[in-house]
Amino acid sequence: MTIKLGKKAARFTGVCTIEEAESLLDWVQAHSQPRADLGDCEHLHTALLQILMAHRVSVTRLPPDPWLQHWLRPLHELDADSTTPSELDA
Amino acid sequence: MNILLEQFLIEGRECLEAMSARLLEIERDPANPELLDDLFRRMHTLKGNSGLFPDLKDFIAVVHAGEDMLDALRAGVMPFSAGLADVMFEALDLISRMLDQIGEVETLGDDFHAESGRLVVALRELLARATNPAETSAEDLAAAMAGPSAAPAPDWFGTLPSSLHTRLAELQQAGASAICVADYTPEPNCFFKGEDPLLLVRQTPGLVALATTTLGPWPAGMDFDPYRSNLRFTLLSNADESELKEHFRYVDDQVQLCAAPQDVVAAQPGAGPATPAPAPAVPLPATQADTAGTDTDHLLRSYARVEGLSEEEHAFFEQILEVQYGLLVAGDSATRQGRWRSVAAVAESLARRIGAVTESGAITRALESALLNGDAGELGEVLQRLELGLTAVVARGSIEPIPVPDATPPAMQPAIAARRATESADAAATALALPKAAAPVRTLPVDEPAPAGAVRDSLRDALRNEDETPTAESGPRILRVRQEKIDRLMDLVGEMVVAKNALPYLAARADEISGARELARDLKANYQVINRISEELQDSIMQVRMLPVGSVFQRFPRLVRDVSRKLGKQVHLEITGEETEADKNIIESLADPLIHILRNSLDHGIESPERRQAAGKPAQGTIRIHAYQESDRVMIEIHDDGNGIDPAVIRAKAYERGLVDETRLGQMSDQEAIQLVFAAGFSTAETISELSGRGVGMDVVRRGIERVHGTIGLESVVGRGTTLRIALPLSMAVTAVMRVRSAEQAFGVPMDLVVETVRVSRYSIHTIKTQRTAVLRGRIVPLFTLNELLGIPVAQQLNDEEELAVLVARIGGEHVGIVVDDFDETLEIILKPLEGVLSGLAGYAGTALLGNGTVLMVLNVKELI
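Top to bottom, those sequences are chains A and B. Residue numbers for the first sequence follow the numbering used here, beginning at 1 and rising by one. Residue numbers for the second sequence follow the numbering used here, beginning at 1001 and rising by one.
There may be inaccurate statements among the hints.
Now the stretches of chain A that chain B is said to cover, found in silico as 3 or more residues with beta-carbon under 8 Å [what the hints assert, rightly or not]:
1) 21 to 27
2) 43 to 49
3) 55 to 68
4) 71 to 77
It is worth saying that the hints were derived from the structure and are not from the lab. All residues carry an ideal CB built from backbone N, CA and C; glycine is no exception.
One chain only, chain B, in its complex shape (with noise of 0.2 Å):
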């Protein structure tokens, strides 16, 4: 996927998560004005953000008309309601589902045109309502969005740049005919907004000729502000203004545009390129035809930047400009090229220097247009306007300009004589262009120099604050890398744990065959220090895939909110424990199940509040989830004051189901009798509501934790309230596992299933009906022998004693007897599952490697028995 749209994903799904927080605060506090601000600058950031995708059709309407709101919103032109909310709320949705179809097929097909119409629709009445009673018409608003086109040359035309003259009237002549400019100058704070005028200005559709200039010298050192933008852009497209207003939309306040005039053409032939005769069309500054006297004046202003030049150095910059006019001239059409181009760099550098900023355009297009024609003309009269300003600088800087010495060599004198000759001959063309080059200096606000420090730091933290990415200089640095990355990691060393395992069978070979005692010794001691570091990677490994449950708890508060307004409750949620932490496959298995107990907990836990009152309880029902870590297990404890479950109704309800007998149930205490909802196909609600009792939900529930390895409980009192309580593994990379043999091949076991391993003595077996059984620890338990289990046709093997080696297994609550030929260590193991044609073989968890390069076939006890 494109680089930056998935970047926009990512952006765009923490924008989302952060909107719904804020939503459910302003909720409650309607009147922060903060929450409110940050909530509009999320929107305003999707928004920008969704800018850079012009597909995105859809999407861009409903964030651009969500932002409209919420900045009414914000200017208190609308009062928050709980109704906007729940619009609002539905944008939020819609915009999260355009965001996963995006993420799946990288683009947004017209599934979603018709809904975003609507909220479209839906928004901006709310807005209309809010800001004009009478309701402003849509052709109103066309006509407002189409504005005036058909109009005169606006007077900005005669400010751009000569390049874009230049290329406009070739390109005119060549028969192009709907010619649109733009004269883009982003906000100086326009960075703040998510923009980037550079790939605004590149994705101009029918960009044909593109002209750069700064707006004011940049600030030196410390001073100079990276979050300022200082850039003019200038350019041509041969697309309709209508597509040239849509690309811009975003920033049409920054942007404008007109057609060109055809008449360019006409009057452009004959002037000079540098100094463009102004087409009648096209109203100039009233400065244009005032006198030279003036013109100075306005140099004045244009270069009202510059402190004063020492004595020595407006001798040296004459200097300088001397010997350039001689460059210009001199070398033969080899060298040339290089020359100019080294003029140029001098003369803007020089123009930096005494403040004509103006220049630097002026400059790369002198070069450009010499390098192109062959002709320096253009970079003549740019050293010439310099050498006026530097005139003009020293006169008002009081510094008594001082004779140049003649340090030009006088080969050159003829040269620069001739060249002056032919440059002051057309005077009054100079004198025309000179206001030409100061005017868009005096047409844009003059910008401060940045006051030192301060400005720049308080800008720095509002970026920070934007996108909450901590910088290098504070707290912890962030990064964000694919999963896919930290997984070939984890492979990895569970890859190294593997051969580490390897040293100890390497020791005992050392030993054994070739006698060598003290290198198995050296092996070993060197076994126990990579076995060291192994487990402190493996440990960082998992910390870095450590996600804190907060993450998935995030949706609920939106959840609880819709849900117990939909039905008609009152529930405060709590939630404790976010930063208690888990593996991140785990925290995402844990999403769907919760979401599960919390509806149920909505629907029948949680009463209406007129019952809640009648049971002298108070009228908001409160659940509450608390998340902790217990030794090497994530516990989640989901508790509501609702009303219980009452056993009878679910021993009732189970007997009906056919999911117990009568005389199983008779036997049930009433805590055990509850834990029947976790069985499959068990639903006691009456009505099959929109939100649970579809017969599925607990059972799910329960499946989605066992998944993960963990265990789900729970208790309720009648009228109380019920508790839930999860505990899963904190992570689920390193598995446990006894190996046992049977048949001469090794099987694993997960050890959380087993629950002793016992040596029974063959007269001690009885067969009940065919079942074979054994009395250990005062119960039966049945005994499954492993070969007949596996259908390998091998009897187990006794040991010495006439004992079989039976490994006791907890299986659903039933302690289950396997008996097997003989028990090898517990081993921690990477479980990789099956694979392939192998995937289908349900009696196997799966497979791991170990270290003597054998591998170990996982036994999935539950399915085999």
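Just chain A, same shape as in the assembly (with noise of 0.2 Å):
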């Protein structure tokens, strides 16, 4: 497993595989604010990247690759700003 599905955040190393897709759902739809550290991930599958992206995953850490980063980019700021009003989110 290349996601680690920790009981607050969920933790990719490596390259992550669309083999995960269905278990990271699940817990992504399982918790009301996910968070995501992709601090160590190399890649991530397209359909991984958009579970992120259509539930608004938090992401603590961005991976090193300036690419992956643009696409996360936008879901690290939610992290990083905390003044998101986060009840229009529902």
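Work from the hints to combine the two standalone chains into their complex.
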């Protein structure tokens, strides 16, 4: 498993493949304020990114790759800015 | 090795195996479309996977050509034929060899270039002949591939996100001349084809700028389908257009490419960042010139997904928007950026709620530009568009907009007013911007909200079938583990067994030395518990290492097919008991011997159809492979109904080769005689054929089997056929040895060699010539003393009754006696082969660590004598 699904945060390491999409989705949907740590992520499959985007999962740490950062920065900023009124995210 | 590459290799091999099996099935059942579909899907997966490694050009070329042909086959454009299967098999072989090389050196050299080129041409020719008798010329193809490149900027160029336009202008101003623009919208079901758009985009050559937008709103809750792509990527690259074409060649129907028009530079600067006035060369949608009235229509259409807003919600949203305006201009430079981020987040949420999904990208860009330039102008525009959109939604939903309660603190009013004044001053620009935002939605197919669970489930099933990996909810979960990890576990268990075996010693010492009998008893009781657990542990780990023998049988249908075709024979292969399991090492060591045996059966055993019919047998010969478990051994029988082995021929051959002398020959029964085929250097083939008969066949088979402590036997009836019986241990991890003592040292002798242990009086030992012998159970057994064999200059000890301890071992069917000083108990040990400088010592099979920490040398009796 390249995604460790913790109590509060999901930790992505290495190359995360589409095989993990279902378990990630279940996890994300089971959490009200899911967070993800991609600090050690080398690549994530498009399907996984979509899950993060669609559920506005806060990204606590960005992956090192600049293009991956491009996709994940909006979610990272969700986390960085605690003033975001989360009640609108319903 | 790179994880991706490793995965690719594993999956590649799986695909290959499956394809080979399918191809054989199709030959039997060419009309079955499911088989063809599956074959095609595998090839497609392989191709998709290989696309991740652009270096593997030859590989990709072959799988691509293969896929094209299979596609045509599937579509019924061309019929299936044996010739076609031959080419396909050849392709699979080549792919397999390429995979081997990739596995070894992690890349693909030029070795296969010529071969793959030839195969690709062969495949393409087959295809061309079938699809177009007139044959498509290479030029036509090349022309079709190149496509229009110098054409003016296409329509879709205008729909690019403004951040890309801005970036393009910047790049061109900086002197970058050849910039390519690509618009990549992956098909919604692309994940099922093994595609990963993110990876493809990341690896775009010369990628300089990128914008990602969503195609539609994300369905919420259970309707969210993780296997549906909902993204659109637009990007700038300074690579050649041809290079980009090459990069996106597998998704060329989903990608639009063009060289960026130069005049964008001229058109860009004057306009505001978010409202780029269209460059003359870029034809914008016709709605551009329409009036504001039509704009609302577009908005309505683009926001079509929204279910009505309640009055309360509407009022609330208006209020939120007002506050955001205020936030944009408030604060100093230190807090501004955080505020803007917050505004963007709110705007995004709002946009989603009112269905203005196309704004999502715009908001991100606006924020980027705001943070970059320190100017929130773009963000303001976004807010304004949202406000307009909100009104439009309310109008359509026939909700009367209610007056917005002015909740904004009075202090903020002037600022907002000023802000709005500047915004609305450029009303025309805003109006122009609106259809732009709406355009992408209109041109893209409106994807219906996923019709609840059903579709998603069926897609999941499809995905499951595709890679045959059972997922969490159903069936057993499979874990792929590197073999080294299991080996390490095995070693650890071995060490634990050794450590556990130290307990009885400890108990004995407690009893004898300290006189603590009770403690000794407790220790023994404890030992029993640990013993049970460690045995179970050992057993479970061995289970993990177990593989079904079917894993080696898989390649046989193919082998039989190829060889019998080559020899002009008709052979039917029957395999039973594939599920019988044995240790991985044993299974793997089986592959080569079994292939030899099969080849022998095909070459020498099964006769040609004419000869078979003349002998009153069916024209089609049968080879039967049957595997089963018998107590702690795995038995494999290979039976053919061919010619059988003629003992007379074997005798003559063996004599001619000097393998046996005349007297032995006379004593041999027919069944004994045919065992001579296992002797080294025996081959009956009249001519050395390509298949077998190089004089290594059965000898190699026997040694291969014996290496894993197996045995092989042969039965044959002339004219009726031959049966080979292989017996193998289930596992070779644990070896039983008998401990013997000689010259005050302990040695181990593998139990499978030991026939019996006897005490022989020194007076019943006779010396015949120089060889000492004894008569045991009516037969003369030659005796060897272990000390002499090992070169220890000490005589063997006698016991009090003046008897010698003789261990009778079976070596190559003969009994020999080995004289030692004394026998000890039998032990279960983990045999470790000798390493380093010691590995040259043929007299030892290996070493084992005993419970008291001493090293036991295990003898290789066969080599010693």
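Comparing the hints with the structure gives:
no.	hint	result
1	21 to 27	holds (count 5)
2	43 to 49	holds (count 6)
3	55 to 68	holds (count 4)
4	71 to 77	holds (count 3)
Every hint from the earlier list agrees with this structure, and none is contradicted.
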